[in-house]
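So the protein sequences, as listed, match chains A and B. Under numbering that gives the first Met the number 0, the residue at position 186 of the first sequence is numbered 185, and the numbers go up by one with no gaps. Under numbering that gives the first Met the number 0, the residue at position 101 of the second sequence is numbered 100, and the numbers go up by one with no gaps.
One or more of the hints may lead you astray.
[Stated by the list, open to error] If you anchor each label on the Cβ, the simulated ranges turn out as follows: (1) B/R62 to A/E21: 53 to 61 Å; (2) A/R242 to B/L33: 58 to 66 Å; (3) B/N61 to A/S197: 43 to 51 Å.
Derived from the structure by calculation, the hints contain no laboratory data. The beta-carbon is built from N, C-alpha and C at its ideal position, and this holds for glycine as well.
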Amino acid sequence: MSKKSLISIGDFSKEEILHVLETAKEFEQNKEQKFLEGKVIASLFFEPSTRTRLSFETAINRLGAKVIGFSDASNTSQSKGETLKDTIKMVSNYVDMIVMRHPLEGSSRYASEVASVPVVNAGDGANQHPSQTLLDLYSILKTQGRLDGLTVNMVGDLKYGRTTHSLLQALSHFNPRFIFTSPEELKMPQEYKDFLDSKGIGYEETTSLEAHLNDCDILYMTRVQQERFTDPMEYERVKDVYRLEASMLGKVKDNMKILHPLPRVNEIDQDVDETPYAYYFKQAENGLYVRMAIISYLLGYR
Amino acid sequence: MTHKELVVSALENGTVLDHIPAENVYAALEILGLKGIESQITIGINLTSKEYGKKGIIKIANRFFEDDELNRLALIAPNATVNIIRDFKVVEKKRLCLPEEIIGIAKCKNPKCITNHQPIKTRFTTITKDNKISLLCHYCEKISDTKSIF
Numbered sequence: 000m001s002k003k004s005l006i007s008i009g010d011f012s013k014e015e016i017l018h019v020l021e022t023a024k025e026f027e028q029n030k031e032q033k034f035l036e037g038k039v040i041a042s043l044f045f046e047p048s049t050r051t052r053l054s055f056e057t058a059i060n061r062l063g064a065k066v067i068g069f070s071d072a073s074n075t076s077q078s079k080g081e082t083l084k085d086t087i088k089m090v091s092n093y094v095d096m097i098v099m100r101h102p103l104e105g106s107s108r109y110a111s112e113v114a115s116v117p118v119v120n121a122g123d124g125a126n127q128h129p130s131q132t133l134l135d136l137y138s139i140l141k142t143q144g145r146l147d148g149l150t151v152n153m154v155g156d157l158k159y160g161r162t163t164h165s166l167l168q169a170l171s172h173f174n175p176r177f178i179f180t181s182p183e184e185l186k187m188p189q190e191y192k193d194f195l196d197s198k199g200i201g202y203e204e205t206t207s208l209e210a211h212l213n214d215c216d217i218l219y220m221t222r223v224q225q226e227r228f229t230d231p232m233e234y235e236r237v238k239d240v241y242r243l244e245a246s247m248l249g250k251v252k253d254n255m256k257i258l259h260p261l262p263r264v265n266e267i268d269q270d271v272d273e274t275p276y277a278y279y280f281k282q283a284e285n286g287l288y289v290r291m292a293i294i295s296y297l298l299g300y301r
Numbered sequence: 000m001t002h003k004e005l006v007v008s009a010l011e012n013g014t015v016l017d018h019i020p021a022e023n024v025y026a027a028l029e030i031l032g033l034k035g036i037e038s039q040i041t042i043g044i045n046l047t048s049k050e051y052g053k054k055g056i057i058k059i060a061n062r063f064f065e066d067d068e069l070n071r072l073a074l075i076a077p078n079a080t081v082n083i084i085r086d087f088k089v090v091e092k093k094r095l096c097l098p099e100e101i102i103g104i105a106k107c108k109n110p111k112c113i114t115n116h117q118p119i120k121t122r123f124t125t126i127t128k129d130n131k132i133s134l135l136c137h138y139c140e141k142i143s144d145t146k147s148i149f
């Protein structure tokens with residue numbers, strides 16, 4: 000069976016990552032390429048999402064395919080107790096590809112094993128969100144002109160933040176240096192530091208946002224996500240720990256860009272939006288081209 | 000040897016699993032699927048061991064195992080030895096070899112893992128680091144230690 004799914008960023012080799020980024024560039028230059036006319040793609044969102052769902056569905060439409068699906072599992076047979084397996088098997092019969100988001104971790108991997116069509120993971124709980132990682136990489140490549148040898152400062156919730164974990168894995172192909180800026184309670188988990196050690200990649204940890212603002216190429220800000228916390232007290236202690244303001248950016252590198260997977264709350268002040276370093280809105284737009292590239296690649300068109 | 004025979008009665012035919020950590024004897028019975036079988040089983044817990052302090056031992060009469068079945072035990076008893084007994088004599092001694100993959104017996108410790116919510120066979124890759132064994136879940140990609148996962 001030649002079906003290929005994208006569940007975890009580790010499913011793509013370095014070559015495949017570069018291929019998808021190259022293809023995304025092609026779509027950015029020419030958005031109207033309806034070579035998927037006649038195809039139907041399922042968009043199954045068992046958990047609410049705005050950005051990811053709309054961006055995937057726009058990508059599908061721009062490629063000329065039709066979308067079926069739901070954005071709220073309470074309207075589906077899942078609420079009658081249907082197993083995920085049965086839902087996926089049934090939908091597989093109707094469509095050419097499944098894009099899914101689900102609150103349980105590992106659900107997309109499981110779906111890819113029972114589906115007869117490719118599955119794209121659009122987020123499985125706190126586990127993986129590979130299209131976000133690819134659009135992060137695309138944004139880095141576009142703003143820096145390269146992926147190799149960059150200093151990336153990850154800020155905020157590095158414990159539960161899946162985007163930082165996947166980005167770290169993906170960047171490990173490109174000889175990076177990392178700064179991990181987080182409160183003690185939300186430090187980068189040991190397993191990821193072990194992973195970097197095993198690849199000989201250097202990193203520093205700090206609790207101070209100011210410490211490494213001026214020597215990084217990418218400032219990757221994240222939100223402290225309330226929904227990932229099991230302990231509400233822990234959330235209250237750390238929720239507003241960092242706040243980036245335009246006044247703090249006086250001595251940063253000229254090429255430095257601020258990324259954020261969005262939605263942001265208080266961690267980036269609105270006054271940063273007007274600086275040349277803010278890139279997060281453009282980053283979200285890049286998601287469209289990257290998702291068009293992922294879909295085309297998995298269906299064998301690029 | 001004679002001392003041991005006094006503590007735990009000798010076996011005519013079957014399998015003796017020795018050097019199981021005392022606290023993991025019940026888990027071992029579970030992993031080998033020995034709950035509710037007909038064979039006579041003798042269990043020893045907190046026996047004195049020169050090498051390990053306290054150990055456990057399980058003797059199963061008239062039951063022989065495939066290597067695959069036994070190797071799962073390496074998760075909780077990496078130093079266990081297996082003695083195959085025929086006619087009161089040890090005819091074969093084996094050591095366990097940790098399998099690369101553990102399918103269907105352990106539970107994932109991540110409460111948000113799909114395997115804890117839907118009828119799915121669990122699947123783990125074993126990782127050995129500093130003599131400690133841990134399990135990487137094939138689905139949620141989280142790492143569990145081997146305590147209370149059965």
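Exercise. Does the Cβ pair B/N61, A/S197 satisfy 43 to 51 Å?
Worked result: holds (47 Å)
Exercise. Measuring from beta carbon to beta carbon, are B/R62 and A/E21 in 53 to 61 Å?
Worked result: holds (60 Å)
For this session: Could you check the hint for me, namely that A/R242 and B/L33 are 58 to 66 Å apart, CB to CB?
Result: Given range 58 to 66 Å: holds, Cβ gap about 59 Å.
When held up to the earlier numbered hints, the structure conflicts with none and fits them all.
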